[in-house]
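Based on these hints, arrange chain S on the given structure of chain H.
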Amino acid sequence: MELLSNLQLGFSVALAGSNILYCFVGVILGTLIGVLPGIGPVATIAMLLPATFALPPVSALIMLAGIYYGAQYGGSTTAILVNLPGEVSSVVTCLDGYQMARNGHAGKALAIAALGSFFAGSVATFLIAAFAPPLAEMALKFGPADYFSLMVLGLLAAVVLAHGSLIKAIGMIMLGLLIGLIGTDVNSGVARYNFGMPELIDGVGIGPIAMGVFGFGEIIRNLDAGGEQREVFTKKVTGLMPTWSDIKAAFPAVCRGTALGSFLGILPGGGPVLGAFSAYTLEKKLSKTPERFGKGAIEGVAAPEAANNAAAQTSFIPLLTLGIPSNPVMALMIGAMIIHGIQPGPQIMTAKPDLFWGMIASMWVGNFLLVVLNLPMIGVWVKLLTVPYRLLYPAILIFCCIGVYSISNAWMDVLLAAAFGMIGYLFAKLECEAAPLLLGFVLGPMMEENLRRALLLSRGDPAVFVTRPISATLLVLSFILLVIVMAPAVRKKREEAFVEE
Amino acid sequence: MRKFIRNAHDFWTGVMFAVTGGAFAGIAIVQYKLGTAARMGPGYFPFVLGMILLGIGIAVLVLSMRRSERERTVDKFHWTPLFWVLGSICLFGVMLKVTGVLFAGLALVVGSSLGSGEFKAKEIVLLAIGLTVFCAAVFVGGLKLPIPMCPGFAAFEQFALCRV
Numbered sequence: 001m002e003l004l005s006n007l008q009l010g011f012s013v014a015l016a017g018s019n020i021l022y023c024f025v026g027v028i029l030g031t032l033i034g035v036l037p038g039i040g041p042v043a044t045i046a047m048l049l050p051a052t053f054a055l056p057p058v059s060a061l062i063m064l065a066g067i068y069y070g071a072q073y074g075g076s077t078t079a080i081l082v083n084l085p086g087e088v089s090s091v092v093t094c095l096d097g098y099q100m101a102r103n104g105h106a107g108k109a110l111a112i113a114a115l116g117s118f119f120a121g122s123v124a125t126f127l128i129a130a131f132a133p134p135l136a137e138m139a140l141k142f143g144p145a146d147y148f149s150l151m152v153l154g155l156l157a158a159v160v161l162a163h164g165s166l167i168k169a170i171g172m173i174m175l176g177l178l179i180g181l182i183g184t185d186v187n188s189g190v191a192r193y194n195f196g197m198p199e200l201i202d203g204v205g206i207g208p209i210a211m212g213v214f215g216f217g218e219i220i221r222n223l224d225a226g227g228e229q230r231e232v233f234t235k236k237v238t239g240l241m242p243t244w245s246d247i248k249a250a251f252p253a254v255c256r257g258t259a260l261g262s263f264l265g266i267l268p269g270g271g272p273v274l275g276a277f278s279a280y281t282l283e284k285k286l287s288k289t290p291e292r293f294g295k296g297a298i299e300g301v302a303a304p305e306a307a308n309n310a311a312a313q314t315s316f317i318p319l320l321t322l323g324i325p326s327n328p329v330m331a332l333m334i335g336a337m338i339i340h341g342i343q344p345g346p347q348i349m350t351a352k353p354d355l356f357w358g359m360i361a362s363m364w365v366g367n368f369l370l371v372v373l374n375l376p377m378i379g380v381w382v383k384l385l386t387v388p389y390r391l392l393y394p395a396i397l398i399f400c401c402i403g404v405y406s407i408s409n410a411w412m413d414v415l416l417a418a419a420f421g422m423i424g425y426l427f428a429k430l431e432c433e434a435a436p437l438l439l440g441f442v443l444g445p446m447m448e449e450n451l452r453r454a455l456l457l458s459r460g461d462p463a464v465f466v467t468r469p470i471s472a473t474l475l476v477l478s479f480i481l482l483v484i485v486m487a488p489a490v491r492k493k494r495e496e497a498f499v500e501e
Numbered sequence: 001m002r003k004f005i006r007n008a009h010d011f012w013t014g015v016m017f018a019v020t021g022g023a024f025a026g027i028a029i030v031q032y033k034l035g036t037a038a039r040m041g042p043g044y045f046p047f048v049l050g051m052i053l054l055g056i057g058i059a060v061l062v063l064s065m066r067r068s069e070r071e072r073t074v075d076k077f078h079w080t081p082l083f084w085v086l087g088s089i090c091l092f093g094v095m096l097k098v099t100g101v102l103f104a105g106l107a108l109v110v111g112s113s114l115g116s117g118e119f120k121a122k123e124i125v126l127l128a129i130g131l132t133v134f135c136a137a138v139f140v141g142g143l144k145l146p147i148p149m150c151p152g153f154a155a156f157e158q159f160a161l162c163r164v
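If you read the sequences in order, they're chains H and S. Under this note's numbering, the first residue of the first sequence carries the number 1, and numbering increases by one thereafter. Under this note's numbering, the first residue of the second sequence carries the number 1, and numbering increases by one thereafter.
Mimicking DSS-like on lysine-lysine, the simulated pairs with C-alpha atoms at most 25 Å apart in a straight line are:
| hint | chain 1 | residue 1 | chain 2 | residue 2 |
| --- | --- | --- | --- | --- |
| 1 | S | Lys76 | H | Lys429 |
| 2 | H | Lys141 | H | Lys352 |
| 3 | H | Lys295 | H | Lys285 |
| 4 | H | Lys295 | H | Lys284 |
| 5 | S | Lys122 | H | Lys383 |
| 6 | H | Lys248 | H | Lys285 |
| 7 | H | Lys248 | H | Lys295 |
| 8 | H | Lys383 | S | Lys120 |
| 9 | H | Lys288 | H | Lys248 |
If you are wondering where the hints come from, they were derived from the structure by calculation, not from laboratory data.
Only chain H is shown next, with the shape it has when bound in the complex (with noise of 0.2 Å):
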């Protein structure tokens, strides 16, 4: 009963008058960059951190988790109507959805893909509501050693997300920590890698890296991949209501995709990309009628998009509980938290109880504020793709720069942004995935501290990695984990799941 009364704490908090208008502004702007290709969650939620400076951090927070969760919504409706994915995580919904809207369902596909979200977001609501607690409580329990060793599990299982070599993404994530490490080293005092230059000397902040990376980098990218030739349904969206049948067919599709979704949601490294495949892949073995898939298969719409969005709202589980992110935009959700004065970690909810439930019980309500609002307002979004990218991308870069330069008020940001993009923009060419880069720099400072105090206590034994049983038995999972990713049949597998993009 405790979990009623905890989600009956979340709701009153969630249903404030002003932090359901702070849910509110976050789905429609997520919906918003959803929609429009070039840029995604993560250059947003940088971009819009400063504007959050002046909000309580509960609503802050729930606003900014409004945009991670509309993002996954918005990215949708472009993949049915336009078969251009808004978002990685809607890549699949393209299969099937476009062909939907081709035979004349496209309103159907929509309406699918949004009652399915939104049928797997409360039932990941309820699962963070049910898992987050016990989880956090064992949590309390973990050693520097075993925090460490959580740190190498979700590093590696990131790479598992990255496409492309696996070597590679090892490397990137490597990159990622030692950029981490750029600034004043706590222990010492001593600043690092800062080549003299007093701006440095905090380290590189989040938001330029992430804007000028995932902002920047992407803008540059777009420009000269040349104006893609878009097809646009924009004539009418009509029959929004699915038949009874397609309910039918649906339904245990969006069960499947759920639970799956939810899962590797939950996973270190796992998230709404690797859920939205997997979802796809398993419904496509169970069809009784695999052919129809990739002509406008219903359940190659529902599950997917059922799985996306279970696995975005799961992911913040190691987030509100360990502190520790399994994607990009929780590595933003850390940064915006820090910068808000609160320490991500499993005492978030005994010492924040409202924050806590409050957030949890926002992606409910951002959840229905979705459906409710979305579907009425398809023809908007429809319109905004008809805005051509030469006009949209001065417009994305005025708010980057604005946004960057006010996180701390420095103009060296925005310079350092610019730097960043540039080497996004290699990234890109040299086929690099950037998603591992931005977690190791995260975790970089949180990784040397715990290794610190570990080899402290132990007097520079590296044995307590292997003797501590939480800290062993992470290792031994990354092992398996890195093993299982080299094994021939899975590299085929992923190499195939990852062609489709």
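Just chain S now, with coordinates in the frame of chain H:
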């Protein structure tokens, strides 16, 4: 020499990793105290990470020269958008404190638009004015972010707008 590089993406990635890793590790040794495992100095962790990255870089580099690798070259760098976009971002950063958001914003929008290769003067001027006014109104006027609106010269202080 050139034909040894089978997969150019991986080759240059390897170079990038090896050089960065080596640089971090090298600086750690020269400038910071390494310390011991029990009492780590500021250089210990970066040194270890740098060496790992150096190793990964060399591995990627060597693998890229395998005979079995498909021959691939890196796509051309498009310097025009790169220059205009990043150049106007830097200009914005430098201008903001001095001239305020109105002028810096105009410069950013017009400058970055030159990178798209389909520049239409009239359209861009309208876009620049619209976006700048919108941003100034929302971020400086509405959200009260501490960004100067106008240049910090006495001549501008007579405008009510500049006293936000």
